[in-house]
Amino acid sequence: MSESPALATTTQANIQGSDWAIDLAQVAKTYGRKIQALKGISMRVRRGEVFGLLGPNGAGKSTLVKILMTVIKPSRCEGSMLGQPIGSRAVLRRIGYLPEHHRFPTYLTGAQVLDFYAAMTEVPRADRRKRTPELLDLVGMGDWGSTRISKYSKGMRQRVGIAQALMNNPEIVFLDEPTDGVDPVGRRDIREIVAELRRRGKTVFLNSHLLSELEMVCDRVAILVHGQVARQGTLDELTAGKERYEITLAGDEAPTRIESALPGLLRLDQPQGELAKRVGARGELAGGQWVEIDHATIRVGTTDPATIQPLIDKLREHGAVIRSIRPHRPSLEDLFLEAVGEPASEPPPNTPPNNAANNAGKFAAKNGGAA
Amino acid sequence: MITQTIALFVDAYRELNAKKLFWITMLLSGLVVLVYAAVGINEKGIFFLWFKIPTPVPIDSTTLPPALLYKQLFQALGIKIWLTWAATILALISTAGIIPEMISGGSIEMLLSKPISRTRLLLTKYATGLMFATLQVAAFTTASFIIIGVRGHVWEPGLFLAVPLVVVFFSYLYGVCALIGVLTRSTIAALLLTILCWCGLFILNTGDAVLMGINVQLQARHDGYDRAISKSRDGARKLLTARRAESGDPLPDDHALSDEELLEVMPFLSLAFDRRAETEQSLAKLKPWMKAVYAAKTIVPKTSETTSLLERWLVSMADLKAQARANPERADSGLDTKTGEINLDDQEVKLRAEEAIRARPVWWILGTSLAFEAVMLSAACVVFARRDN
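So the sequences go chain by chain: A and B.
Number 371 marks the last residue of the first sequence (this note's numbering); no jumps.
Number 760 marks the last residue of the second sequence (this note's numbering); no jumps.
For the record, the hints were derived by calculation from the structure and aren't laboratory data.
A couple of the hints might just be wrong.
To be verified - For lysine-lysine, the following DSS-like pairs were computed, each having C-alpha atoms within a straight-line distance of at most 27 Å:
| # | chain 1 | residue 1 | chain 2 | residue 2 |
| --- | --- | --- | --- | --- |
| 1 | A | Lys-151 | B | Lys-692 |
| 2 | B | Lys-692 | B | Lys-721 |
| 3 | B | Lys-692 | A | Lys-154 |
Claimed, not checked - Partner residues are not named here, just some residues of chain B that face chain A (Cβ under 7 Å, in silico):
| # | residue |
| --- | --- |
| 4 | Ile-373 |
| 5 | Thr-374 |
| 6 | Thr-376 |
| 7 | Ala-378 |
| 8 | Arg-385 |
| 9 | Ala-389 |
| 10 | Lys-391 |
| 11 | Gln-446 |
| 12 | Pro-486 |
| 13 | Thr-490 |
| 14 | Asp-620 |
| 15 | Pro-621 |
| 16 | Asp-624 |
| 17 | Asp-625 |
| 18 | Asp-759 |
| 19 | Asn-760 |
Note that the coordinates shown come from a computational prediction; the quantities given were computed from them, not determined experimentally.
Here a beta-carbon is modelled for each residue, glycine too, at the ideal position from N, C-alpha and C.
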C-alpha cells in the first residue's frame, strides 16, 4: 500500500482535550417501551488506537455507532467524542464513517461519491479535488474513479466507501464491517490501510464479525453482548490468566500413563482411578497452577515452561510418548465465545478453559451451530 | 453550509440527468411548443400549418390580435394543460422518490453522519425536488417567449412569471409528497397519495367553479330582471301619468311608482317579478354552499387559481372586454315579455365570471396555499427530526 498524502498525520500537537478519543458512560437506547438495544454502555477509546467492537448479531454494535454518528437518538447518553458532547454536529467534521450496508447513489461515479460526501462534511473544493485521486489510489480504485457505482462489485463499493470515510482527513474513523463482501486480497489491503491510519495517529473504531481480522489489527477490543459490554481491554488484558501449556501424548495407552504418572504431582479434585476416564478431570500442581486432563491431553495453567518440566519428567519416567508440547493463548474467538455464553459477567481469574469450551457449545446450540 | 447546499443541488442535478424521464419531459415540452408555434392567425382566419381551423364564430386577426392568441394559447395549452397536468404528473413521478430514497437504510446514515441538521437536510432535498419543475418550466417558457416574439411580434417578459407560478403550484403538491414520503418511506405511496390528494383538490376546485358559474349566471339573470323592470318603470310612469290626467287625478311629480302600480299598467311584468324572486331565492340557497366551499378552499392549496394568476397578469380585463365587444354574435340582453325569460349575453356572463375569479385577492390565493405547504413541510420536518433512522 502506498502512503497517501491525503491522510495528514494526527500528532499530539494538534490534539486538543483529553487522551480519550471517545469516552462514553451510560449509553442506553430503548425502542418503544420494551426493547432495550443498549443497556448502559461505558467505553473508552484512546486517541491513536485501533479499537475493535465485536459482538453477536443484535448485540447493539451498529446502534452504538449510529448514536455516536447522530443517526439514532440515545435514550440516555453521557460522554464525549474528541472533547465534544455526543450529538454535537460540529465534531462530525472530524469524523469519518463507513456504515454497514451503505448505499451510494448508483448514478454517481466513484470520484463523484468521494466529492459529494466530502462536500457534505464541508471539505473545501480544492482539498476534495486533491484528495479524491489520492484516496482512490490508496484503496486500489485509481483506475475506476470515473466509472459509475452501478458497475462496481460489492468489494469495490466497500473500497470506495473506505476512501470516502477518509476524505475529510478525520481524527476518528468508524468502519462498520469494512471487510463485508471483500475478497482475501482486499481484506489484507484494508488491514494495511487501518495499520497506516494508526501509524498516522488516527483513531480507528472497527465493527466486525471477522474476529481474526480484528485480532490482527486491534490494540483494544470490547465485546458487546445483549446491549452490554461483556469484556473490554487489550488482548493481553483479556487473556491474562487464561494462557496455558498443552501436552499431548501419543498411543492408545496414553490415559494409563497419565493415570500412573500424575497422582504424585497433583492434588486431584476426584477420586484416584477416575482420572483419565473423565473428560475435564481437574487438579492443581503444588505451585497452585490448575491442570486439566482431557483423555491424552494435559493442560496446565501457566506461561512458565519451567513449571511443566517436572510433569514432563514424570510422564517420561512412566513411559509416556509425548507427541507435542505447546504454549496456548486464547484467541479473540475464544474470548468472544466465552463472553457470548456468559454475558456481562467477568469469569473468576484462573478459571479453567473448559468453561469456554462449554460456553462455546451452548452458544453454538443456541445459534443452530453457527457460532 | 453553502458547500453542502451546492453539493446537494449538484447531486440532484446529476440524479435528474441520469433519469430518462427528465429528458423525455423536456422533449415533450419542445413538442408542445412546436404545436402552438404551428398555429397561425391572419385576416382570413386561424390556421394549423396550412389548414384552416373551423371555428363556431369567425375568428381572425381583426377580432383576435396574434399576440393575444399566442398568450392565450400559452396559458390554455402550455400552462393549464401541459405544465399543470401532464408535465406535473411526469415531474411527480420523477421526484416522488427523492425523499423516500434519501431516508432509506444505507443512504440516510451517510447523510445524517455529516454536520448538517435534519431540518436543513430535508428542506434542501425538498428544494432540489422543485429544481426539476423549475428547469422544465424555465425551458418551456423560454421557448414560448421566443415563439410568441417571432410569431406574435410581441416580446412579453411577463411570460416568465409562469416560472415562479408553476413552481409554486408544484411546490404545494410536492409538500404533500414530502410529508407522505417521510411518513411512509415509500415512493409509490408518496406518488399515489399525492395524486389522490391532487384529485381531491381538483374536485373541490371544480365544485367551486361550478358554484361560481351558477352564482354568476343567477346574478346576471337577477340584474337582467332588475334592468328590465327598471327600464319598464319609466314607460309605465308615462302611461300612468296619462291615465291619471285623463281621470282628473294627476300623478304628483315626485310620486314613486310602486310595484303594484307598475303591474297595474304592465301586467306582463308579473312573470319577471316572479322570476326575479325565484332567482333571489336560488341565490340565497347557493350562498351557504359557496361559503362552505370558500372556507374549505381557504385551508387547502389553490392549485388552479395559482396558475390562473398568470392569465390575470398577462391578459387584462380591458383586453378581454375588447375581445368580447369584437364578437359579432353577442346576444342582446332583454326580457322576453311572453315567457318572462331574460336573454343573457354569454360574453357578458363570461366577463362577469372572469371578474368574479379575479376578485379573489392574490394574498388569499398564494398566502393560504403557501401556509398549507408550510404546515405540510413543518410536519415532515418534525417527523423526520424525531425519528430514529
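Here is what the structure says about each hint:
{"no.": "1", "hint": "A:Lys-151 with B:Lys-692", "result": "violated (62 Å)"}
{"no.": "2", "hint": "B:Lys-692 with B:Lys-721", "result": "holds (10 Å)"}
{"no.": "3", "hint": "B:Lys-692 with A:Lys-154", "result": "violated (68 Å)"}
{"no.": "4", "hint": "Ile-373", "result": "violated (9 Å)"}
{"no.": "5", "hint": "Thr-374", "result": "holds (5 Å)"}
{"no.": "6", "hint": "Thr-376", "result": "violated (10 Å)"}
{"no.": "7", "hint": "Ala-378", "result": "holds (3 Å)"}
{"no.": "8", "hint": "Arg-385", "result": "holds (6 Å)"}
{"no.": "9", "hint": "Ala-389", "result": "holds (4 Å)"}
{"no.": "10", "hint": "Lys-391", "result": "violated (12 Å)"}
{"no.": "11", "hint": "Gln-446", "result": "violated (36 Å)"}
{"no.": "12", "hint": "Pro-486", "result": "holds (4 Å)"}
{"no.": "13", "hint": "Thr-490", "result": "violated (12 Å)"}
{"no.": "14", "hint": "Asp-620", "result": "violated (95 Å)"}
{"no.": "15", "hint": "Pro-621", "result": "violated (95 Å)"}
{"no.": "16", "hint": "Asp-624", "result": "violated (88 Å)"}
{"no.": "17", "hint": "Asp-625", "result": "violated (84 Å)"}
{"no.": "18", "hint": "Asp-759", "result": "holds (5 Å)"}
{"no.": "19", "hint": "Asn-760", "result": "holds (6 Å)"}
Violated hints, listed in ascending order, are 1, 3, 4, 6, 10, 11, 13, 14, 15, 16 and 17; each of the other numbered hints is respected by the structure.
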